[in-house]
Amino acid sequence: MEYLRLAVKNLLRRKTRTLLTLVGIGVAIAVLYSLLEFQRGYERGLNAEINQLGAQIMVVPKGCPYEAATIVLHGGKWPRYMEESYFEKIIATPGVSQAAPILMDAMINPATHDNKIFLGITEAYGALRPAWQIDGAAFSGPAAREVILGTSIAEKLRLKPGDTFRLRQDAAGRAAGKDDADLTVVGVLARTRSQDDGFIFMPLHTLQTLFKLPGKIVVVLVRAENIDAPSLERTTQALRDLGGNMNIFPLSELLNNAAQLMQVTKVFVLAIVLVAIAIGAAGVLNTILMAVFERMQEIGMMKAIGASPADIFALIWTETVLLCAAGGLFGIGIAVTSARGIEWFLRRAMASQFSQLPETALIGVSPGVILLCIGLSVALGVLAGFYPAWRASAVKPIEAIRGAN
Amino acid sequence: MAEAAVDQTATPVAEASGLGKIYRRGAEEIHALREISVAFAPGAFSCVLGPSGAGKSTLLNLLGVMDVPTAGTLRVAGATIAEGGRLRLSEGGRDKLRRENIGFIFTEFFLLPTLTAVENVQLPLLWADKDDRAYAAELLERVGLGHRLTHRPTEMSGGEMQRVAIARALINRPRLLLADEPTGNVDTTTRDGIFDLFRELNADGLTIVLATHDRELAARMDRVVHVREGRVVEETA
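Protein chains in written order, with my numbering: chain A, 1 to 405; chain B, 1 to 237.
These are computed hints drawn from the structure, not numbers from a lab.
Backbone N, C-alpha and C fix where the C-beta goes; we use that ideal spot for every residue, glycine too.
Worth double-checking, as some hints may not be accurate.
Which residues of chain A face chain B? A few of them, derived with a C-beta cut under 7 Å, are [to be verified]:
no., residue
1, Lys9
2, Met301
3, Ile398
Could you put together the complete structure from these sequences and hints?
Laid out in structure tokens, this is it:
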């Protein structure tokens, strides 16, 4: 017989009450775990997406840099263009190793809100994507009527290499005099688990022609020769010195800004979770205190047969900490097993704050977050159990046995 | 039935001199015990007899170091608990003394419902940082419950539960066994069985003091201390 076993048996005496308390703590910890994981997942996902861009600096025409960043990361229509000739200045800037000019456009079906995102790229884009695996071939020329499809869009359109991709302009496109065209699918990308999976790629000049945007590009992704902070800063400054009414910012800045935005949301949500945890703690305190009052005579008996106040304190404290730790583990279990559902809910709930969230899974299993949640659960038990344990330890055996309490 | 040899010249296991206990309820003082002087020699098989409210349980609680006197001197198992009404042993010291030297049996058995018989018997060992399941099983065998080791209190009769409580009181090999109305919740047949068990334990040298208002039971004890209104009014052997 040991303390732990006795404590477990005592908790199991009132199974329903113990279970309800455990569920209360579990839910609070599950929410906490999910939010912390969501934030980590968001940062991780954003970081991965930025790394997958293969560039450290982004050059876009003046405008909201965050909107531009979102367009670059997730695709879309952004009606601010720079002249392709500006790209030549960028590639010639000291500190720049590689640069890829990109034109982006999108066709949106207003009925289904279905987006088709087009990227006009050059060979330089492929250099930023060394991990790309193409089922099929690369473009045969800089103005070829060809497309390479991301794996998701290929599956959606049921197209494979050799098929014809029929570009039919939407109403806005036709109004602007843009052309319809039939393009050959020369390749389909192997799944990248990035934004590329949803894009339709074609040679830059082809897109410029079909969308009536000759000589225009939207963004230039820049890979620096040296990526240490001072070198990156120098290269960024050199690009800014080019002038031309451009926004030039390192992508790490984008990550920091996004993390800050997430931090503000996190603080707010954490405050709510902490209130939930405080309510959980009050529930635990109430449960254990009730159990102590119910077991007064028994506690008196324990003292009569030799238990010291410290022994009784330790027993009740152990019960509380066990209950809370079990609640914490239960909560982590809920969060991990229902991560997809929670993530779906959070993505919807946060849609207004974050126009685009990384596509990778945001709630996963992180030992650090698990340990933090378990630690918090145990701390909750330590705090909530103190008063009931003290009350129990202060019981006078004679009075308790007589039922005077 | 064999009786233990009682050495009246040996140092008593428990000894009270001028012992008093006053309870205060607001401004009111209740004299539960007055000027009690009594000693229990090693191996004694004694009984404190008296009607309800006479002070039997209070005396047993003081002898069991579960309560402290407000007057007089009390020595138990070689330790001075109080002298001239002043406490001489700390709460921790009293806990240790109780744990190591005294076994206590209550009218209500106070067995933990979630523990088996053998686990209930082992319970006091938890506070002594020991674990001796074999000895707990041996004690249950001795009280006639060798076949009920893994049964829970809810699966036992009143007599069986009291036997488990007796085994629990013996687990720390006490020098003094105190029992407050131990047969108060059982029928007469069971009562006699429990009494025989006490007699056997006493025959092995254990000092036993029972509190009861059952005159028939008291008549079978070696020594009876009659208590009334908080005073010892008579002693018979």
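Going through the hints against the structure:
1. Lys9: Given a least distance of 4 Å, the restraint on Lys9(A) holds.
2. Met301: holds (4 Å)
3. Ile398: With Cβ-Cβ at 5 Å, under 7 Å, it holds.
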